[in-house]
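Chains G and W, in that order, are what the protein sequence lines are.
Under numbering that gives the first Met the number 0, the first residue of the first sequence is numbered 0, with each subsequent residue one higher.
Under numbering that gives the first Met the number 0, the first residue of the second sequence is numbered 0, with each subsequent residue one higher.
None of these hints come from the bench; they were simulated from the model.
A couple of the hints might just be wrong.
To give an idea of the chain G side of the interface with chain W (calculated C-beta under 7 Å), a few residues [claimed, not checked]:
1. PRO6
2. PRO9
3. PHE10
4. ALA12
5. ALA13
6. PHE17
7. ALA20
8. ALA24
9. PRO26
10. PHE58
11. PHE66
12. GLN159
13. ALA160
14. PHE161
15. ARG164
16. LYS166
Don't be surprised by glycine CBs; every beta carbon is placed ideally from N, CA and C.
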Amino acid sequence: MDAKNDPFIPFLAAMCFFLSAVEYAIPKPIPILRIGLANLPVMLALSKLRFRDYTFLVFLKVMAQTFVSGTVFSYVFAFSAAGSFASALAMRCVYQLFAARKQKPLAGCVGISTAGALANNAAQLFLARYFLFGAGTRFIAPLLLISGCVTGIALGIFAQAFMARSKWVASIPDGNFGGGR
Amino acid sequence: MKLPAGAARQCGSFFSRAFKNEILFAAVILCFPAFLLQKNVLVLMAETIFFCAAALFRRGGVRLLTPALMTLCVTGFALLSPFGKVLAHIGEFPITQGALDAGLRRSFVVCGMVFMSQTAVSPRLNPPGKAGAFLARMFAALDALTSEKIKFAARRFSFTMLIDAVDARLVASYEKISAAKGEEHGSAVARERMDVGVSSPKRADMVSLLMAQSPIGWAFVVLVPAAMYALLFV
Numbered sequence: 000m001d002a003k004n005d006p007f008i009p010f011l012a013a014m015c016f017f018l019s020a021v022e023y024a025i026p027k028p029i030p031i032l033r034i035g036l037a038n039l040p041v042m043l044a045l046s047k048l049r050f051r052d053y054t055f056l057v058f059l060k061v062m063a064q065t066f067v068s069g070t071v072f073s074y075v076f077a078f079s080a081a082g083s084f085a086s087a088l089a090m091r092c093v094y095q096l097f098a099a100r101k102q103k104p105l106a107g108c109v110g111i112s113t114a115g116a117l118a119n120n121a122a123q124l125f126l127a128r129y130f131l132f133g134a135g136t137r138f139i140a141p142l143l144l145i146s147g148c149v150t151g152i153a154l155g156i157f158a159q160a161f162m163a164r165s166k167w168v169a170s171i172p173d174g175n176f177g178g179g180r
Numbered sequence: 000m001k002l003p004a005g006a007a008r009q010c011g012s013f014f015s016r017a018f019k020n021e022i023l024f025a026a027v028i029l030c031f032p033a034f035l036l037q038k039n040v041l042v043l044m045a046e047t048i049f050f051c052a053a054a055l056f057r058r059g060g061v062r063l064l065t066p067a068l069m070t071l072c073v074t075g076f077a078l079l080s081p082f083g084k085v086l087a088h089i090g091e092f093p094i095t096q097g098a099l100d101a102g103l104r105r106s107f108v109v110c111g112m113v114f115m116s117q118t119a120v121s122p123r124l125n126p127p128g129k130a131g132a133f134l135a136r137m138f139a140a141l142d143a144l145t146s147e148k149i150k151f152a153a154r155r156f157s158f159t160m161l162i163d164a165v166d167a168r169l170v171a172s173y174e175k176i177s178a179a180k181g182e183e184h185g186s187a188v189a190r191e192r193m194d195v196g197v198s199s200p201k202r203a204d205m206v207s208l209l210m211a212q213s214p215i216g217w218a219f220v221v222l223v224p225a226a227m228y229a230l231l232f233v
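Model the full assembly from the supplied sequences, consistent with the hints where possible.
Here's what the structure looks like:
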């Protein structure tokens, strides 16, 4: 299957766009808290796309999130991009190292999702520490990390159940774009 | 909401005569950033209504109940975090300007985005270039994902039922855009492109495409994005 002609990447990008809009519509008590719904298509893509296409999907997700929330020309874009790329990289590493094994995988969707959420928060805290809040970042760090764990676990549980049951996910062969993982 | 059959046919034939699908698609894509960056809630509401009307006339029908319910829910929840000037009280509960604006903005962005993709996408869309083809497929997928309600098989809600319903929608939407892609590949234009080994229309095709658009169509695709960008500064 050819990545240029297959509708899989545009389909996942559309899911990112839609879920970003849904997440944007959900009110949050603190603006920095995120549920991470738009991470679901990225998690679904872990076994399906080679790294280059996977990175492209993450880029589209960042663009979708910042366009939908109207923050494309603000510092929020840098936070969103740093968090999303760190999260995507962490999820890919955990997937490659622990979950892609055929026999006895050491991590499932919950582990991958939690690693992604924590990497996202770590990247954002790093930026906040050096560019925005300075030493005061330590006061928001616990809240951010705890909420990251909670949303990461919740999303991972949903993704695990969805992937186990979904006919759509099963219908798309693993690593179908050039066979690379 | 549906137009009467006769009116829907007339509107459909007007749209196919006045607009080339690719040019209308490009114009709506151009409008997207102006829509999403709009801060004024009244302008955003007017733009959402405009694209709702455009989608209604283009397709002969749009779903209004879901966007209306979503607007009510999102705005209602946003009001639970009051900030800004107090406009009124419902009992002890204050209705504040900031929360109302935030809730309305969020709901209009989500609803407007759906109406815009419904206006932009048509089954015979074939924009030039790889980026054009990618965007067309992405918006077709967005359209397929949001075109119908997610149906639940039973009345009693459960987690597995939710997963099955979401999965059924994904299967149907993916089949729809895969089939559209197959038709595109089977079309005479696509075959001709494959024969000559190019991925975008020839310059002569582009010129004929531009010439085929009617003056009313040109007025729409030039004035609407221009007005939306000008309204960013209101």
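Outcome of the hint check:
no.	hint	in the structure
1	PRO6	holds (5 Å)
2	PRO9	holds (4 Å)
3	PHE10	holds (5 Å)
4	ALA12	holds (5 Å)
5	ALA13	holds (4 Å)
6	PHE17	holds (6 Å)
7	ALA20	holds (5 Å)
8	ALA24	holds (5 Å)
9	PRO26	holds (5 Å)
10	PHE58	violated (12 Å)
11	PHE66	holds (5 Å)
12	GLN159	violated (11 Å)
13	ALA160	holds (6 Å)
14	PHE161	holds (5 Å)
15	ARG164	holds (5 Å)
16	LYS166	holds (6 Å)
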